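Participant: Below are the chains, spelled out letter by letter.
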Amino acid sequence: MKALLEWLDHRTGCKKLLHEALYENVPGGSRWRYVWGSTLSFTLVVQFVTGCFLWMAYNPSSQTAWESVYYIQEEMWGGWLLRGLHHYTAQAMNILLVLHLMQVMIDGAYRAPREINFWFGLGLLGLVMALSLTGYLLPWDQKGYWATKVATSIAAITPLVGPELQKLIVGGTEYGHHTLSRFFALHAGVLPAAVVALLVGHIYLFRRHGLTAKEPKRKPDEPFWPEQVLKDGVACLAVLAAVLFLVVKHGAELTAPADPADNYAAARPEWYFLFLFQLLKYFPGESEIIGAMLLPSLVVVLICLMPFFGRWRLGHRFNLGMLGVLLFGIGLLTWQAVRADQSNPEYLRAVHQAEKDAQRVKELARGPAGIPSSGAVTLLRDDPLTQGPKLFARNCASCHRYGGHDGLGGVATNAPSAPDLMHFASREWLAGLLAPEKIATSHYFGGTKHVDGKMAKFVRKDVQAFTPEQRAMLVKGLAALSAEAQLKAQREIDQREAALIKEGRALLAGTELRCTECHQFRKPDEDATAPELTGYGSRAWLISFINNPKHARFYSKRNDRMPAFGDEKILDAHAIGLLADWLRGDWYAPAPTR
Amino acid sequence: MSAAPSPHPPDRRSFFKHAAALVVGALATVVPTLAGLLTLFDPLRRKAGSAAFIQVAALTSVPEDGTPRRFAVVADRADAWNKFPQVPIGAVYLRRIGRLVQALSVTCPHAGCPVAYAAGADTFLCPCHDSRFRLDGTLADPKSPSARAMDALEVELRNETEIWVKYQNFEAGKAKKIPLA
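From first to last, the protein sequence lines stand for chains A and B. So in numbering that gives the first Met the number 0 the end of the first sequence lands on 593, straight run, no missing numbers. So in numbering that gives the first Met the number 0 the end of the second sequence lands on 180, straight run, no missing numbers.
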């Protein structure tokens with residue numbers, strides 16, 4: 000073994016290298032304040048290691064990026080841990096960079112002869128920010144997609160070359176496969192290579208000029224190993240512990256797959272870019288360029304010049320003051336951004352909706368149909384539970400309600416002027432419609448012109464005067480009518496009470512309940528003046544109704560204000576189908592876990 | 000070349016420091032590596048889909064004279080996160096003598112290339128390393144690179160006319176036919 004080591008050393012000089020690495024002189028002995036550079040190197044190693052492993056499972060294209068990240072996060076062994084480490088270590092780096100910068104500034108390590116090394120450090124800071132920005136897009140989820148879109152839109156306001164620059168970054172005019180390929184190549188290839196190059200220079204210059212000791216020295220000089228290594232190691236372990244805590248407690252977020260057609264209202268950059276985001280709010284119109292480029296560039300130039308200011312008598316204090324003001328400003332802007340969001344109910348609702356969508360798409364992806372090759376985004380686009388409420392809020396909620404709200408949980412300001420459609424066609428809903436005390440309320444016909452129509456009169460007068468036997472018949476009739484809808488929620492009771500439903504069907508068709516005086520049921524009736532009861536509330540019936548309520552099968556010319564959503568091409572067949580499925584409570588639900 | 004002596008002579012306290020520094024350093028680097036290795040080894044727990052009988056062809060579509068004919072095997076396929084319903088997942092050669100049907104995997108047992116049927120020569124020929132097989136799948140050449148005959152698959156004749164094949168893959172390069180797990 001010893002001979003082998005000797006041979007290796009003779010050929011490579013590794014002992015000397017190791018010795019130089021470990022026995023660097025630490026003037027004034029090891030101190031905790033020197034650990035930041037090492038923690039940064041450590042986090043960088045963590046990012047390289049976790050990044051390489053993530054690379055082996057990641058797939059950059061707009062149909063597979065989200066899907067592969069979902070697979071890493073939810074399906075692969077330890078994938079949540081791996082991605083969590085990468086995600087939160089990236090955030091830790093941004094904090095450590097600031098701490099390192101502060102220590103270098105306060106200890107005066109940026110001044111001559113270390114100017115160039117200071118600039119190398121600033122370059123590394125910029126590269127890490129670029130890595131954060133490019134990495135944020137890679138999962139191709141709503142959050143990363145929309146936040147990055149803002150960043151690349153800002154690139155477009157660059158003077159002279161803006162639009163061309165944007166096209167180059169995005170890899171075309173629209174976000175797509177090439178945006179991901181480019182961002183991934185930058186994130187995993189170009190930027191890490193640049194980091195390594197700058198870091199080699201950074202450490203070389205650090206060794207060349209030696210450590211800038213904090214005066215006064217408290218102890219005699221020590222070598223780097225083992226005292227300072229131990230302190231550095233403990234600091235690294237503390238960083239790792241903090242990261243692990245966040246991974247276990249919160250995990251790396253994966254919102255719903257990016258959907259360019261969706262109004263995603265919760266788009267925000269990661270918290271360490273919030274100050275730039277907030278800054279933009281203060282520059283109206285075309286003056287945006289001041290906040291987006293001029294001001295940040297000016298600050299960067301000022302920081303780069305700090306080593307020169309530091310030569311003046313009061314220069315060091317001036318620099319420290321400037322850094323303090325800058326950090327305070329960044330802190331203030333971040334705080335303002337967070338506070339504005341926390342007191343914005345629209346934003347909070349959007350975040351809640353985003354969380355719901357994220358949960359739902361994972362539920363669908365785990366379902367028996369899995370993820371189609373067109374990508375997980377189609378899972379949500381074709382999901383009645385996701386699209387139904389959105390379609391309802393946009394198209395129906397100006398008149399209708401759903402359980403008192405607009406479908407998405409929002410409360411409309413105007414009073415409802417059409418029936419509440421939650422549990423439409425269910426036994427309870429129909430029982431309410433046929434209840435003399437309910438039919439004229441805003442829950443049913445109250446807000447419509449049908450409040451004075453034949454049906455309302457029939458219910459309020461005739462049904463009111465029903466004998467107990469007639470009431471019993473009505474219950475059977477309603478059970479039969481509700482069974483026409485074939486609702487998922489009533490499948491069991493419909494099966495169980497098949498005999499009663501058969502009886503009720505006969506009653507509906509007969510004269511006792513007087514339904515067929517106006518409605519058509521099971522057999523053609525040209526004199527029918529009210530909506531057809533055959534298949535009432537079924538998918539086909541509801542789609543036809545939404546397509547055109549003015550059709551002779553339904554309200555004909557007695558239709559109140561409801562538009563013919565299909566025939567007037569307000570909604571397409573796909574949307575109407577989703578709306579009908581949602582109103583009928585028909586969507587994929589995972590089997591309850593025991 | 001020898002290392003310069005460390006400024007402090009080793010003692011018990013310094014030994015503890017050395018050990019602690021090593022342990023702490025190791026701990027910090029081992030966590031991300033372990034997380035990565037776990038996901039790297041994730042494929043090891045994925046099993047090949049259990050071989051099931053798949054309907055491949057109708058009896059009448061296979062020539063009665065023993066001439067082999069190639070048929071695609073269509074089934075549901077899962078590829079990591081994607082599920083593809085009813086797509087071609089492979090192919091088999093079917094041969095028939097009377098009502099006796101034989102199924103051979105098109106995958107060469109040598110190194111996995113697709114074996115071609117050379118109609119003129121009445122043999123199967125692998126285009127990669129020239130393994131040759133007789134029509135019944137047995138090795139046609141004692142110097143064949145393939146260590147075993149073409150992989151015969153189990154066949155069932157259902158409802159008189161439907162040919163169902165138990166489609167599966169086997170480890171390549173071995174004299175023994177071992178199903179891939």
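Note that these hints are calculated values from the structure, not bench results. It cannot be assumed that every hint is accurate.
[Claimed, not checked] Some, not all, of what chain A presents toward chain B, calculated at C-beta under 7 Å:
id : residue
1  : T49
2  : E66
3  : C235
[Said to hold, decoys possible] Cross-link-like lysine-lysine pairs, in silico, DSS-like; alpha carbons within 25 Å at most:
id : chain 1 : residue 1 : chain 2 : residue 2
4  : B       : K175      : A       : K361
5  : A       : K1        : A       : K15
6  : A       : K218      : B       : K16
7  : A       : K230      : A       : K213
8  : A       : K213      : B       : K16
9  : B       : K142      : B       : K46
10 : A       : K361      : B       : K16
11 : A       : K216      : B       : K173
12 : B       : K16       : A       : K14
13 : A       : K216      : A       : K14
14 : A       : K15       : A       : K230
15 : A       : K487      : A       : K501
16 : A       : K355      : B       : K175
17 : A       : K437      : A       : K453
18 : B       : K176      : A       : K230
19 : A       : K487      : A       : K361
20 : B       : K176      : A       : K15
21 : A       : K448      : A       : K460
A quick note: this is a predicted structure, and the numbers were derived from the prediction, not measured. C-beta atoms are modelled at their ideal positions from N, C-alpha and C, and glycine is treated no differently.
Participant: Holds or violated: is the Cβ of A/E66 closer than 7 Å to a Cβ in chain B?
Facilitator: 4 Å, holds
Participant: Is the hinted pair B/K176 and A/K230 satisfied, with a Cα-Cα distance of at most 25 Å?
Facilitator: 59 Å, violated
Participant: Does A/K448 pair with A/K460 here, judged by a C-alpha cut-off of 25 Å?
Facilitator: Status holds; Cα separation ~18 Å.
Participant: Holds or violated: A/K487 and A/K361, Cα atoms, limit 25 Å.
Facilitator: 23 Å, holds
Participant: Taking 25 Å as the top limit, are the C-alpha atoms of A/K213 and B/K16 close enough?
Facilitator: 23 Å, holds
Participant: Between A/K15 and A/K230, is the straight-line Cα distance small enough, at 25 Å or below?
Facilitator: 23 Å, holds
Participant: Below or equal to 25 Å on CA atoms is what counts here, so check A/K437 against A/K453.
Facilitator: With Cα atoms ~15 Å apart, A/K437 and A/K453 stay inside 25 Å; holds.
Participant: Would you check whether A/T49 satisfies its interface hint, that is, whether its CB is within less than 7 Å of any CB in chain B?
Facilitator: Holds, about 5 Å.
Participant: For A/K218 and B/K16, compute the direct alpha-carbon distance and say whether it is at most 25 Å.
Facilitator: Roughly 17 Å between the alpha carbons, so the hint for A/K218 and B/K16 holds.
Participant: Is it true that the CA of A/K1 sits at most 25 Å from the CA of A/K15?
Facilitator: The given pair, whose Cα atoms are some 16 Å apart, holds under the 25 Å limit.
Participant: With a cut-off of 25 Å on the C-alpha distance, tell me whether B/K142 and B/K46 pass.
Facilitator: 34 Å, violated
Participant: Check whether the Cα positions of A/K216 and B/K173 lie no farther apart than 25 Å.
Facilitator: 71 Å, violated
When each numbered hint is compared with the structure, violations occur for hints 4, 9, 10, 11, 13, 16, 18, 20.
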